[in-house]
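Peer 1: Start counting the sequence shown at 569; every next residue gets the next number (the working numbering).
Source of the hints: derived by calculation from the structure; they are not laboratory data. One should not assume that every hint holds.
[Said to hold, decoys possible] Calculated lysine-lysine pairs in the DSS-like style (CA-CA distance at most 27 Å, straight line): (1) K648 x K577; (2) K606 x K583; (3) K577 x K628; (4) K615 x K668; (5) K628 x K606; (6) K582 x K648; (7) K668 x K686; (8) K606 x K577; (9) K675 x K707; (10) K606 x K626; (11) K615 x K577; (12) K606 x K648; (13) K696 x K686; (14) K707 x K686; (15) K669 x K648; (16) K648 x K615; (17) K686 x K675; (18) K628 x K675; (19) K626 x K675; (20) K615 x K583.
[What the hints assert, rightly or not] Label-pair distances were calculated between CB atoms; the ranges are: (21) G665 x C623: 47 to 53 Å; (22) A573 x R593: 19 to 25 Å; (23) K668 x R698: 32 to 38 Å; (24) G647 x P627: 45 to 51 Å; (25) A689 x A640: 48 to 54 Å; (26) A690 x P627: 28 to 34 Å; (27) A700 x A576: 37 to 43 Å; (28) L597 x A681: 33 to 39 Å; (29) G685 x R657: 18 to 24 Å.
Even glycine gets a Cβ: it sits at the ideal position worked out from N, Cα and C.
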Amino acid sequence: MSRNANLAKIHIAKKQLAMDDDTYRAMLLAHGGVSSSKDLTLIGAAKVLAHLERCGFKPKASGGGKRPNAAAANRGLLGKIEAQLADARRPWSYGHGMAKKMFNIDKIDWLNAEQLGKIIAALSIDAKRRAAQVARASKP
Numbered sequence: 569m570s571r572n573a574n575l576a577k578i579h580i581a582k583k584q585l586a587m588d589d590d591t592y593r594a595m596l597l598a599h600g601g602v603s604s605s606k607d608l609t610l611i612g613a614a615k616v617l618a619h620l621e622r623c624g625f626k627p628k629a630s631g632g633g634k635r636p637n638a639a640a641a642n643r644g645l646l647g648k649i650e651a652q653l654a655d656a657r658r659p660w661s662y663g664h665g666m667a668k669k670m671f672n673i674d675k676i677d678w679l680n681a682e683q684l685g686k687i688i689a690a691l692s693i694d695a696k697r698r699a700a701q702v703a704r705a706s707k708p
């Protein structure tokens, strides 16, 4: 993760945990070795973030990207793909990557109905594979 992303997360955590400035700076000094977040190294920022998560900070997951805008004929297929991606906890960028790898087309919304069907089939196979792995892992 980039330095700016880490700093943003630290400041979001500070706000989420309602830390006053004195407490925040004391925590930075104790866990990052600095009194200002701008002086944190990547390792120091990771240590501070780990401490903030132990204190109750819960980073929110990103929205997973914007749903593609496709032709009316393909909206049902995209809805199925969206459901499969959500079930696997994968973002739309994963679907775009599948389109690129399978058909050399950059965006999933540029695929035709036949290609979308193949994406659905691939996601179904992946779901069955994940279900089998969970079943094997849960057996004593």
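Peer 1: Which constraints among the numbered hints does this structure fail? Numbers only, ascending.
Peer 2: Violated hints: 1, 4, 6, 9, 12, 14, 16, 19, 21, 23, 24, 25 and 28; rest satisfied.
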